[in-house]
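All chains, please: the whole structure from these sequences, using the hints.
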Amino acid sequence: MRPEVYEYNFDWMLWRTLEAASKVGDGFDKEFKQMLPYIPYFSGIVEPFINLGDPGSAFFKMISEYLKNIVTAHEQGKKIVMTTFCFSPTIFYAMDIVPVTLEALTVLASVMWKRGATEYMDFCVELGFTETSCSSQRGCLGAYLAGMGEEIDMLVINTAGICDTNANAFSFAKTFLDKPFYSLNYPASLNDPEVNQYHRDDFKALIKFLEEQTGKKLDHDRLGKVLDEVAKQEAIVGEMEELQRLVPSPLPVTYNFLIYGGRFFFAGMPEYTVILEKMATVVRKNATQGRSGISSGREKLRAFMFYIDHYALNLNLWNWFDKREINHIGSILSRSFKDDSPYIKGMEDVAYNIDSTNLDTMIDSIAMINSRMPMVRSIRGPYDRPNMWLEESLALAKMYKADCLIYNGTPGCRNTWSNIKLIARDLEKAGYPTHIMYGDAFDDRVESWEATAARLDEFINVRGLL
Amino acid sequence: MMEIFQEAASGITNRYITDWVNSGKKIVGYTCSFMPPEIFHAAGILPYRIRGINTESMEIGDTYYGPYVCTFPKCLLQLAGEGKFNFLSGAVISTGCDAMRRLDECWRKTGEDYHGSIPGFFHYFDVPHKTDPHAMKWFENEIRKLILNVEKYYNVKIKEDSLRESISLYNHGRTLLWEVEKLRAHENPGVSGTDAFSIAVSGTVMPREAFNEQLEQLLADLPKQKSSSKKSGKQNKNGNKRIMVAGSINDDIELFRLIENAGSNVVADNICFGIRSEADQVNMEDDPISALTKHYLSNSVCPRMFGAYKQRFDLLQTKIERAGVEGIILQNIRFCDLHGSENGLFERDFEKLGIPCLRLEREYGPLTETGRMKMRIEAFLERMEVKQTDSGGKS
Amino acid sequence: MSIVAGCDVGSLTAKAVIMEKGRIISSALLRSKTNPQLSAEAVMQEALSKAGLSMDDIRYCIGTGYGRKNISFVDKDISEIACHGRGARWLNPGARTIIDIGGQDCKAVRLDKDGNVVKFVANDKCASGTGRFLEVMARLLDIPIEEMGSLSSKSTAPITLSSTCTVWAQADIVKYINSGHKIEDIGAGVNSAMAKRAAILANSVGIEQDVCMTGGVAKNEGVVQDLEKLLGKNIKKMRKADPQIAGAIGAAIFAMESLNGRS
Numbered sequence: 019m020r021p022e023v024y025e026y027n028f029d030w031m032l033w034r035t036l037e038a039a040s041k042v043g044d045g046f047d048k049e050f051k052q053m054l055p056y057i058p059y060f061s062g063i064v065e066p067f068i069n070l071g072d073p074g075s076a077f078f079k080m081i082s083e084y085l086k087n088i089v090t091a092h093e094q095g096k097k098i099v100m101t102t103f104c105f106s107p108t109i110f111y112a113m114d115i116v117p118v119t120l121e122a123l124t125v126l127a128s129v130m131w132k133r134g135a136t137e138y139m140d141f142c143v144e145l146g147f148t149e150t151s152c153s154s155q156r157g158c159l160g161a162y163l164a165g166m167g168e169e170i171d172m173l174v175i176n177t178a179g180i181c182d183t184n185a186n187a188f189s190f191a192k193t194f195l196d197k198p199f200y201s202l203n204y205p206a207s208l209n210d211p212e213v214n215q216y217h218r219d220d221f222k223a224l225i226k227f228l229e230e231q232t233g234k235k236l237d238h239d240r241l242g243k244v245l246d247e248v249a250k251q252e253a254i255v256g257e258m259e260e261l262q263r264l265v266p267s268p269l270p271v272t273y274n275f276l277i278y279g280g281r282f283f284f285a286g287m288p289e290y291t292v293i294l295e296k297m298a299t300v301v302r303k304n305a306t307q308g309r310s311g312i313s314s315g316r317e318k319l320r321a322f323m324f325y326i327d328h329y330a331l332n333l334n335l336w337n338w339f340d341k342r343e344i345n346h347i348g349s350i351l352s353r354s355f356k357d358d359s360p361y362i363k364g365m366e367d368v369a370y371n372i373d374s375t376n377l378d379t380m381i382d383s384i385a386m387i388n389s390r391m392p393m394v395r396s397i398r399g400p401y402d403r404p405n406m407w408l409e410e411s412l413a414l415a416k417m418y419k420a421d422c423l424i425y426n427g428t429p430g431c432r433n434t435w436s437n438i439k440l441i442a443r444d445l446e447k448a449g450y451p452t453h454i455m456y457g458d459a460f461d462d463r464v465e466s467w468e469a470t471a472a473r474l475d476e477f478i479n480v481r482g483l484l
Numbered sequence: 106m107m108e109i110f111q112e113a114a115s116g117i118t119n120r121y122i123t124d125w126v127n128s129g130k131k132i133v134g135y136t137c138s139f140m141p142p143e144i145f146h147a148a149g150i151l152p153y154r155i156r157g158i159n160t161e162s163m164e165i166g167d168t169y170y171g172p173y174v175c176t177f178p179k180c181l182l183q184l185a186g187e188g189k190f191n192f193l194s195g196a197v198i199s200t201g202c203d204a205m206r207r208l209d210e211c212w213r214k215t216g217e218d219y220h221g222s223i224p225g226f227f228h229y230f231d232v233p234h235k236t237d238p239h240a241m242k243w244f245e246n247e248i249r250k251l252i253l254n255v256e257k258y259y260n261v262k263i264k265e266d267s268l269r270e271s272i273s274l275y276n277h278g279r280t281l282l283w284e285v286e287k288l289r290a291h292e293n294p295g296v297s298g299t300d301a302f303s304i305a306v307s308g309t310v311m312p313r314e315a316f317n318e319q320l321e322q323l324l325a326d327l328p329k330q331k332s333s334s335k336k337s338g339k340q341n342k343n344g345n346k347r348i349m350v351a352g353s354i355n356d357d358i359e360l361f362r363l364i365e366n367a368g369s370n371v372v373a374d375n376i377c378f379g380i381r382s383e384a385d386q387v388n389m390e391d392d393p394i395s396a397l398t399k400h401y402l403s404n405s406v407c408p409r410m411f412g413a414y415k416q417r418f419d420l421l422q423t424k425i426e427r428a429g430v431e432g433i434i435l436q437n438i439r440f441c442d443l444h445g446s447e448n449g450l451f452e453r454d455f456e457k458l459g460i461p462c463l464r465l466e467r468e469y470g471p472l473t474e475t476g477r478m479k480m481r482i483e484a485f486l487e488r489m490e491v492k493q494t495d496s497g498g499k500s
Numbered sequence: 069m070s071i072v073a074g075c076d077v078g079s080l081t082a083k084a085v086i087m088e089k090g091r092i093i094s095s096a097l098l099r100s101k102t103n104p105q106l107s108a109e110a111v112m113q114e115a116l117s118k119a120g121l122s123m124d125d126i127r128y129c130i131g132t133g134y135g136r137k138n139i140s141f142v143d144k145d146i147s148e149i150a151c152h153g154r155g156a157r158w159l160n161p162g163a164r165t166i167i168d169i170g171g172q173d174c175k176a177v178r179l180d181k182d183g184n185v186v187k188f189v190a191n192d193k194c195a196s197g198t199g200r201f202l203e204v205m206a207r208l209l210d211i212p213i214e215e216m217g218s219l220s221s222k223s224t225a226p227i228t229l230s231s232t233c234t235v236w237a238q239a240d241i242v243k244y245i246n247s248g249h250k251i252e253d254i255g256a257g258v259n260s261a262m263a264k265r266a267a268i269l270a271n272s273v274g275i276e277q278d279v280c281m282t283g284g285v286a287k288n289e290g291v292v293q294d295l296e297k298l299l300g301k302n303i304k305k306m307r308k309a310d311p312q313i314a315g316a317i318g319a320a321i322f323a324m325e326s327l328n329g330r331s
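Chains as they are written, first to last, in the working numbering: chain Y, 19 to 484; chain P, 106 to 500; chain X, 69 to 331.
Some clues are possibly wrong.
Stated by the list, open to error - Now the in silico label distances, taken between C-beta atoms and shown as ranges:
hint: 1; chain 1: P; residue 1: Asn260; chain 2: Y; residue 2: Lys363; range: 40 to 46 Å
hint: 2; chain 1: Y; residue 1: Ala38; chain 2: P; residue 2: Thr236; range: 32 to 38 Å
hint: 3; chain 1: X; residue 1: Arg207; chain 2: P; residue 2: Ser403; range: 54 to 60 Å
hint: 4; chain 1: P; residue 1: Glu359; chain 2: Y; residue 2: His92; range: 52 to 58 Å
hint: 5; chain 1: X; residue 1: Arg307; chain 2: P; residue 2: Asn341; range: 41 to 47 Å
hint: 6; chain 1: Y; residue 1: Gln307; chain 2: X; residue 2: Ser247; range: 39 to 45 Å
hint: 7; chain 1: P; residue 1: Thr236; chain 2: Y; residue 2: Asp378; range: 23 to 29 Å
hint: 8; chain 1: P; residue 1: Gln422; chain 2: X; residue 2: Asn246; range: 32 to 38 Å
hint: 9; chain 1: P; residue 1: Asp124; chain 2: X; residue 2: Arg207; range: 30 to 36 Å
hint: 10; chain 1: X; residue 1: Ser221; chain 2: Y; residue 2: Arg309; range: 49 to 55 Å
hint: 11; chain 1: P; residue 1: Asn293; chain 2: X; residue 2: Asp143; range: 27 to 33 Å
hint: 12; chain 1: P; residue 1: Pro238; chain 2: Y; residue 2: Arg309; range: 53 to 59 Å
Claimed, not checked - Which chain X residues stay away from chain P? Per the calculated CB distances, all over 10 Å, these:
hint: 13; residue: Thr102
hint: 14; residue: Asp143
hint: 15; residue: Gln293
Since the hints were derived computationally from the structure, they do not count as laboratory data. All values derive from a computational prediction rather than experimental measurement. Think of the CB as a built atom: it goes at the ideal place given N, C-alpha and C, for glycine as much as any other residue.
Here it is in structure tokens:
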């Protein structure tokens with residue numbers, strides 16, 4: 019890593035960037051326009067977000083708060099946990115623990131900084147971590163391994179056996195940083211009675227671990243409050259995701275990013291609820307007017323990213339969709355599968371419910387939420403088994419009237435690269451033009467965004483979709 | 106004597122497999138060392154560790170698997186698609202790692218396209234990645250499910266007594282393998298690393314009775330050695346360096362030959378297919394299923410058991426001391442992030458203890474890159490030759 | 069007379085060095101031929117004839133490089149890792165970290181204070197970050213490989229290039245050429261991608277000063293300067309001889325030591 023990179027801590031630098039970004043929208047429009055030339059490095063991301071209006075600037079404020087929590091955690095006497103986006107942060111908030119979500123922070127660096135998180139990725143390789151490992155963890159992880167972030171107190175994951183390369187990154191970090199580690203480990207199926215019992219036992223053991231690490235007992239009232247907040251949030255999300263089924267979809271293309279981003283950062287925290295409410299206002303208005311959420315107001319096509327999104331600089335993927343008047347109707351990261359979500363029909367087996375009646379029901383609820391997070395929900399078992407990747411992708415594609423399906427991941431994704439060809443074949447058979455992106459969602463050195471976009475255009479053109 | 110083991114280790118099939126099939130008995134393949142073969146033995150079925158040896162092309166492997174995937178499962182799939190495993194009547198796919206567990210789907214889809222390439226009994230064996238009590242319960246349940254499915258499909262009954270007998274037979278094999286391990290670790294290694302590895306690989310593809318018998322005979326025929334009193338500080342009389350090989354899966358004895366031919370003795374290894382922890386016996390006092398559960402899950406020998414680095418480090422250190430290891434070759438198949446990354450940690454920690462390490466990335470399958478690997482290995486042995494004056498460097 | 073020789077047969081080029089009393093009296097560098105033996109003979113012949121010597125005059129010869137096992141006339145062969153270390157040491161006695169970028173791979177070697185190899189790493193299984201990569205890119209840009217290095221200092225807006233795959237990088241380069249990017253900006257991007265690759269290796273062996281570069285790419289000042297920036301360390305220039313023949317020099321020095329009964 020270049021010596022200059024050691025000058026500033028990664029989390030601190032992200033926080034300052036976001037803090038500044040969240041404030042530029044506070045003034046008058048003219049002030050904002052005047053400001054942009056002074057922030058050439060991240061005006062590309064700031065401008066579209068501020069142009070989203072209230073939800074955009076609230077989103078910046080929320081992330082800024084999240085980062086501030088990390089940077090100031092120890093001052094406030096809180097513990098920091100290193101975790102993954104597949105893990106709902108709800109339990110951490112309920113126990114006053116500050117999460118550092120590796121992939122989410124890698125995304126922030128990728129979309130905001132020209133160099134992304136690539137130097138930190140390479141730093142991991144210098145330490146002996148394989149360069150073929152997933153870039154989503156490697157970016158942020160490199161910074162923390164280099165000691166360029168607040169000290170991590172513990173690590174908690176739930177990806178063992180689902181995304182081994184993910185679990186392996188944390189396992190490496192556990193040894194390297196020499197910190198306590200807890201790994202929730204999910205069986206291949208989602209909801210047999212014995213699996214539910216297992217989820218429960220495993221989660222109880224996790225709570226015990228967290229209690230030991232923090233020296234504090236789980237506060238039942240607080241857990242109840244957080245869960246109620248989650249329920250409130252999911253109700254708003256559910257409403258928006260129901261309206262998303264309309265043609266044209268009233269959701270601006272970046273909304274799915276805000277929804278899942280918010281969930282990964284702040285599920286169960288009021289900051290997220292505020293954003294969702296602001297978003298819902300926009301969506302409802304668009305829906306009443308029969309207007310598409312796309313900037314031009316027109317929707318020509320609906321695409322479903324059936325794995326993850328691409329986090330090129332300035333959210334170029336979403337710009338690409340918006341410019342071509344294609345609506346992005348979500349990815350594997352988008353939906354939470356709460357029992358009262360409208361899209362659950364036909365997939366009731368996958369659903370979870372929130373029941374804050376007593377401690378046992380609360381633990382059950384939170385264990386269920388966690389086991390329904392992206393990836394750990396639908397790529398845990400063979401892809402063509404009930405409730406798994408194929409069934410879910412087809413159900414969502416149908417429900418949301420997708421015109422085409424797009425796979426995007428990273429070369430580090432051993433799991434999906436081991437069956438993407440199979441599922442793509444099945445999706446094509448089911449009548450969905452399916453495109454496989456070969457780049458890296460977090461590292462445009464693997465394939466530049468321009469090349470990726472050219473291939474997407476080629477797909478759209480060759481398949482006669484537009 | 107050694108020829109029997111070398112033959113068994115060098116090809117997909119061997120004379121025992123042929124005889125077994127000809128006598129009308131069943132063979133079931135499995136893919137991971139966390140699967141207890143005793144279960145099949147107890148059912149009168151020959152458990153066979155599925156291998157990718159002698160793969161010549163990869164068009165089938167590459168048709169179903171994507172590009173960023175380890176070549177080991179691709180080779181298995183290739184051979185399956187070519188019908189090389191048609192002698193199997195069943196297969197058990199374990200959740201060894203991401204790429205290995207997807208062999209389930211890849212093989213099933215290959216079976217649809219290449220008629221007859223998929224065995225009738227096809228079981229997905231879900232192995233936990235930790236050893237907490239509730240994970241043990243899950244694993245025990247998986248073992249019971251496997252037994253039920255075997256009983257149903259093959260119309261057999263796996264009785265507790267026969268399971269106990271099978272465990273005892275496999276335990277005896279472990280004892281014998283341990284004798285081999287002692288011989289190769291001797292000051293003057295009585296068995297080469299290549300031979301020891303051939304024996305270990307053979308054990309996974311031969312009927313256990315025949316394996317034990319042949320190995321007993323081999324051990325009886327080998328010249329007796331005075332046991333070495335020194336625990337460490339061993340040095341080879343022939344000047345060869347004493348090497349340990351660890352890392353990704355391997356069943357190719359040529360890898361060992363390559364390392365030994367460069368001027369070393371592989372006196373220990375820690376590799377899937379090799380002799381890893383054969384000293385640990387399955388407990389005969391316990392109820393057999395619970396004993397198998399504990400034995401196969403609690404040995405966190407593979408980095409798929411996340412967060413258990415310390416145990417594996419300790420295991421390597423024991424082996425180093427026992428065999429007087431002077432240097433470690435830490436190899437990994439490209440895209441094997443689990444071993445590849447752990448090798449980085451091993452390198453850091455063992456170099457700190459003054460044991461030279463070489464990290465080597467390779468492909469599984471035909472050793473097409475022998476030139477490149479040989480160059481590295483030779484340079485490594487040269488480096489070990491010279492006593493360094495300081496270690497220096499920041500990492 | 070105690071004349072010794074070192075012969076380094078690499079994947080792209082073959083090098084020979086003839087030494088007497090610790091001084092280079094002749095050297096040669098040729099493009100590799102179809103097999104290592106032919107390359108070795110040709111390059112050795114050239115070095116010998118430059119010095120007016122014949123093979124009989126050579127008291128001891130050591131072979132190294134990719135093709136070293138296939139050279140008939142050498143007395144012994146030693147890995148290129150050790151030879152590059154020793155050669156760099158001769159070029160600069162203070163050398164502790166050596167970055168060697170050859171035709172087929174890229175290596176970083178750390179030496180102890182006596183010049184013994186302490187640790188080495190090499191890139192695996194990929195042409196990116198090697199001389200071959202640079203050659204392919206130079207061909208795409210239609211400029212002689214010798215001029216690649218000078219492009220970096222001419223560039224004002226270097227492109228960002230995929231640093232992981234030669235095949236994909238080619239596709240990117242073609243795209244940049246077609247979209248009218250300046251040759252120097254593309255060339256600078258290529259050099260910087262090379263440097264990034266090498267920096268990861270150098271950092272993973274752990275850097276000690278002096279840092280030196282050997283191999284053909286050491287002559288590309290663009291890569292060298294980028295590496296200095298990435299490592300935050302000065303890379304010592306070695307003017308005593310062509311850094312591309314460092315391996316052959318090392319082999320010749322080992323030959324001398326063998327002759328003197330040392331080592």
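Structure-based check of each hint:
1. P:Asn260 x Y:Lys363: 40 to 46 Å: Distance hint for P:Asn260, Y:Lys363 holds at roughly 42 Å.
2. Y:Ala38 x P:Thr236: 32 to 38 Å: violated, 48 Å
3. X:Arg207 x P:Ser403: 54 to 60 Å: About 57 Å separates the Cβ atoms of X:Arg207 and P:Ser403, which means 54 to 60 Å holds.
4. P:Glu359 x Y:His92: 52 to 58 Å: holds, 54 Å
5. X:Arg307 x P:Asn341: 41 to 47 Å: Since X:Arg307 and P:Asn341 have Cβ atoms about 44 Å apart, the given range 41 to 47 Å holds.
6. Y:Gln307 x X:Ser247: 39 to 45 Å: holds, 40 Å
7. P:Thr236 x Y:Asp378: 23 to 29 Å: Holds, since P:Thr236 and Y:Asp378 (Cβ atoms, about 26 Å apart) stay within the stated range.
8. P:Gln422 x X:Asn246: 32 to 38 Å: violated, 57 Å
9. P:Asp124 x X:Arg207: 30 to 36 Å: violated, 59 Å
10. X:Ser221 x Y:Arg309: 49 to 55 Å: Since the Cβ atoms of X:Ser221 and Y:Arg309 sit about 54 Å apart, the hinted range of 49 to 55 Å holds.
11. P:Asn293 x X:Asp143: 27 to 33 Å: holds, 30 Å
12. P:Pro238 x Y:Arg309: 53 to 59 Å: holds, 56 Å
13. Thr102: Given that every Cβ of chain P is farther than 10 Å from that of X:Thr102, nearest at about 16 Å, it holds.
14. Asp143: holds, 16 Å
15. Gln293: Consistent with the label, X:Gln293 stays out of reach of chain P, its closest Cβ about 22 Å off (over 10 Å).
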